[in-house]
Amino acid sequence: MTSTTPLQDSTAIEARQEQAEEAHGDFRLFGLATFLVADGMTFAGFFAAYLTFKAVNPLPEGGIYELELLLPTINTVVLIISSFTFHRAGKECRAGQLGASRLWLGITGALGAIFLAGQMVEYFNLPFGLTDNLFASTFYALTGFHGLHVTLGVICITIVALQTRPGGRISATDHFGLEAAELYWHFVDGIWVVLYGILYLL
Amino acid sequence: MTLASPSDFEDNLQPQGWLRYFSFSLDHKVIGLQYLICGFIFYLVGGALAGIIRTELWSPMSDFVSRETYNETLTLHGTIMIFLWIVPVVNGAFGNYLIPFYVGARDMAFPRLNAVAFWLIPPAGILLISSYFIAGAAAQSGWTAYPPLSLTTPAAGQVVWILSVLLLGGSSIFGGINFIATILKLRRPGLKLMMLPLYCWAMLGTSVLVVLSTPVLAGTLILLSFDIIAHTGFFNPTMGGNVVVYQHLFWFYSHPAVYIMVLPAFGLVSEILPIHARKPLFGYTTMVYSIMAIVFLGLIVWAHHMFTSGTPPWMRLFFTIATSFIAVPTGIKFFNWLATLWGGKIALNSAMLFSCAFIVNFVFGGITGVALAQVPFDIHVHDTYFVVGHFHYIVYGGTVFVIFGSLYHWYPKFTGRLLNEDLGRLHFLLTFVGFNLCFAPQHWLGLNGMPRRVAEYDPAFTTLNQLSSVGALLMAISTLPLLINVVVTAINGKKAGDNPWNALTPEWLTSSPPPVENWHGEAPLVTEPYGYGQHLEAKA
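Sequence order for the protein chains is C and B. Residue numbers for the first sequence follow this note's numbering, beginning at 1 and rising by one. Residue numbers for the second sequence follow this note's numbering, beginning at 1001 and rising by one.
These aren't lab readings, by the way, just hints derived from the structure by calculation. Where a beta carbon is used, it is the ideal one built from N, C-alpha and C, also for glycine. Hints may contain errors.
[To be verified] Each pair of labels, with its calculated beta carbon distance range:
(1) B/Leu1467 / C/Val56: 41 to 51 Å
(2) B/Ile1367 / C/Ala55: 34 to 44 Å
(3) C/Lys91 / B/Pro1148: 49 to 59 Å
(4) C/Arg28 / B/Tyr1021: 43 to 53 Å
(5) B/Val1244 / C/Tyr123: 25 to 35 Å
(6) B/Pro1313 / C/Leu59: 51 to 61 Å
(7) B/Arg1112 / C/Tyr200: 57 to 67 Å
(8) C/Lys91 / B/Leu1149: 49 to 59 Å
(9) B/Leu1163 / C/Leu130: 17 to 27 Å
(10) B/Asp1383 / C/Lys91: 53 to 63 Å
(11) B/Pro1313 / C/Tyr123: 34 to 44 Å
[Claimed, not checked] Among the chain B residues that face chain C by a calculated CB cut under 10 Å, a handful are:
(12) Ile1177
(13) Asn1178
(14) Lys1185
(15) Thr1214
(16) Ile1222
(17) Phe1226
(18) Leu1249
(19) Phe1252
(20) Ser1254
(21) Trp1314
(22) Leu1317
(23) Leu1426
(24) Leu1430
[As the list claims (entries may be wrong)] Not close to chain C: a few residues of chain B, all C-beta gaps over 10 Å, as computed:
(25) Leu1026
(26) Leu1113
(27) Gly1176
(28) Leu1184
(29) Met1194
(30) Arg1452
Take the sequences, apply the hints, and build the full model.
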């Protein structure tokens, strides 16, 4: 049942480590997914707070704002498209087309940047500030916390795109960084869709 | 069998000897002991603060410390004991040390993340304690930091407190992710989930709670810090905010936090009892399902802390029933432990004494818990010393007793030496008597209406308070035999050998202390970690 392997030299250790890795597969994506569940719970807490505020805390006279829907809707479309472009980048990478993968990553990063720019434009044109009332504070907290995630995502995409250069860390067989960034990006998109629904449409 | 010396496995970048305990070591055993010792230092600090509280409460007037200092002291005491002693030790210390052995691995799934999780704790702790010395501005709104109290008390200390708790929450989440990945993904081939020692199940359940609930606390505290720093009004009623939302979000973490503190203790006790009673653990499968039931129920009972916060009747009804239900899986575990002891060949050593005392203490704490879940009774004793007594029976009588028992049980694994039994029993006696003397009278105080978190009280309560303070003094003295024991036996204690308890769980099937990568050769496949009276004794 238990066989013992004498381990005298470093090659034996490396061989054993490789064996262990084969036996277990790569669980880094699993770890990231667990983290995203935790991150999602932070958003869930914010959403629950926002919905409760909306349900039980009436806003004062003149404190109810009509939100402009056009820009956020365009932003939503931009973000959803970026999920597909990232998916395409991953597909190209696995097929060994690193150049094409880099191109699609570039498009994804650009779409992310467009989203952030759109967010900034919206912020500057809103009729309320952070401390104006409960809705205003919650609005900025939710969109700001999500914007932070998008910013982080764009940084990750830039790093991953740079790593697909010839001689970079990412290859057709070894592309954990790209997959991790992709999973994260889909998560950020998914959160936005929920956020858009309850903040703008509800 | 060729035994490779540990140096064969060494990554030469890692420092050796005692220095590694001060380094960014990636070895799960080093990190486990870092958690343990760091946590114990914070336990002494938190204990000293408890000493200030009990000294102040010796007399009805606030004559030892001012009212503000009293509030600051109880805030820091609670925060340190929960976030820097119990959670890191019962999860981080024993979890990191034992889980890789139990799953037959050489380290945790993410060793670097593991080291990061530990090294977040000392800076957070130092930050928290340093805030105590901001003159007149330390956090004084209790470990719950309820607004509007936390918004109207001095801001500086409260913000430092929030920052520190956020760091500790991050550490806890990283640890939880690591445990889940290790238990689910890093098991040695052939090791099925239902073969795992029970502590793995307890840590799996705990980690699920950590991952699901801690982020909610983090989000809540970020909103609270916005209220304090940027003057938003999330939880400020004068600005249209809602304090009850804070309570809901806070208790969504902080009720599961009780299980984050207690479930691992359940797991550790389930390891200790079979070994020292020489019997298989009774009802393994029901134990596993009970843990999962507690995890599920633990997530949906938070509002039983809020029966006086204007909760509507339907909510009271739901949370009362759900909370009472937790007694069922918990009761199953208790009867399983008793059945494990029943007819066993019990060795009443220090590890066993602490574990058995845990059962007694936790039954008291559990029964008062069921009582507190009933709305009419809860409203009567809400915010009184009854709650303080109940809580300490759970986390001190429950978890801290198990931590001490585990220390006696696994110390030979950590060091290769046995702790002195006489000093161990003295430690147990002082702790057990001191603990019950300190916290049992608080139930009477609470029933008679003594509010908690107030520096002064009605002179009619003096005798019971003094009794409680004497108990606290005994508890303070009880740490002396422990400290002497640990230091003296580390230097010239009795050699333990590799497996002093003749245990079958995997961590004892290697040398004590274990080699750097845990096993000499391949990890053994342990299919029956509790097979006592079946294989080992038959051979002997």
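Hint-by-hint comparison with the structure:
1. Taking the beta carbon of each, B/Leu1467 and C/Val56 are about 45 Å apart, inside 41 to 51 Å as hinted.
2. Under the hint 34 to 44 Å, the C-beta atoms of B/Ile1367 and C/Ala55, about 37 Å apart, fit the expected range.
3. One distance hint, 49 to 59 Å for the beta-carbon pair C/Lys91 and B/Pro1148, holds here, with the actual separation near 54 Å.
4. Checked against the given bound of 43 to 53 Å, the beta carbons of C/Arg28 and B/Tyr1021, roughly 28 Å apart, lie outside it.
5. A hinted range of 25 to 35 Å holds for the C-beta pair B/Val1244 and C/Tyr123, which are about 30 Å apart.
6. Range check, B/Pro1313 to C/Leu59: Cβ separation about 27 Å, and the 51 to 61 Å hint is violated.
7. Checking the proposed 57 to 67 Å range against B/Arg1112 and C/Tyr200 shows it is violated: the Cβ atoms sit about 40 Å from each other.
8. Remark: the range hint 49 to 59 Å for C/Lys91 to B/Leu1149 is upheld by a beta-carbon distance near 55 Å.
9. Here the CB-CB span from B/Leu1163 to C/Leu130 is close to 20 Å, well matched to the stated 17 to 27 Å.
10. Take B/Asp1383 and C/Lys91: their Cβ atoms lie about 59 Å apart, and the range 53 to 63 Å holds.
11. About 43 Å separates the C-beta atoms of B/Pro1313 and C/Tyr123, a value consistent with the hinted range of 34 to 44 Å.
12. Because the beta carbon of B/Ile1177 sits about 5 Å from the nearest beta carbon in chain C, less than 10 Å, this interface hint is met.
13. The interface hint given for B/Asn1178 holds, since its Cβ lies 8 Å from the closest Cβ of chain C, which is under the 10 Å cut-off.
14. About 4 Å separates the beta-carbon of B/Lys1185 from the nearest beta-carbon of chain C, less than 10 Å, and the hint is met.
15. Because the closest C-beta pair between B/Thr1214 and chain C is about 7 Å apart, less than 10 Å, the hint holds.
16. Using the Cβ-Cβ criterion of 10 Å, the hint placing B/Ile1222 at the interface with chain C is satisfied: the shortest such distance is roughly 8 Å.
17. Restraint check, B/Phe1226 versus chain C: the minimum CB separation of about 7 Å is within 10 Å; hint holds.
18. A hinted interface residue such as B/Leu1249 counts as satisfied when its beta carbon comes closer than 10 Å to some beta carbon of chain C; here the least separation is about 5 Å, so the hint holds.
19. Here the hint on B/Phe1252 is kept, as its CB sits about 7 Å from the closest CB of chain C, short of 10 Å.
20. The closest approach between the C-beta of B/Ser1254 and any C-beta of chain C is roughly 13 Å, which is over the 10 Å cut-off, so the hint fails.
21. Look at B/Trp1314: its Cβ only gets to about 15 Å from chain C, farther than 10 Å, so that hint breaks.
22. Interface restraint check for B/Leu1317: the shortest CB-CB distance to chain C comes to about 20 Å, outside 10 Å, so the restraint is violated.
23. Contact between B/Leu1426 and chain C, as hinted, is not supported at the beta carbon level, the nearest pair being about 41 Å apart and thus beyond 10 Å.
24. Here the hint on B/Leu1430 is broken, as its CB sits about 41 Å from the closest CB of chain C, past 10 Å.
25. Listed as outside the interface, B/Leu1026 is consistent with that label: its C-beta sits roughly 14 Å from the nearest C-beta of chain C, beyond the 10 Å cut-off.
26. With a least CB separation of 8 Å from chain C, B/Leu1113 falls inside the 10 Å interface cut-off, contrary to its annotation.
27. The Cβ of B/Gly1176 sits about 8 Å from the closest Cβ of chain C, inside the 10 Å cut-off, so the non-interface label is violated.
28. Not every Cβ of chain C is farther than 10 Å from the Cβ of B/Leu1184; the closest lies at roughly 8 Å, contradicting the non-interface assignment.
29. Every C-beta of chain C lies more than 10 Å from that of B/Met1194, the closest at about 18 Å, which supports listing it as non-interface.
30. Consistency note on B/Arg1452: stated as away from chain C, and its beta-carbon is indeed over 10 Å from all of that chain's, at 27 Å minimum.
This entry does not satisfy hints 4, 6, 7, 20, 21, 22, 23, 24, 26, 27 and 28, going by the numbered hints stated previously.
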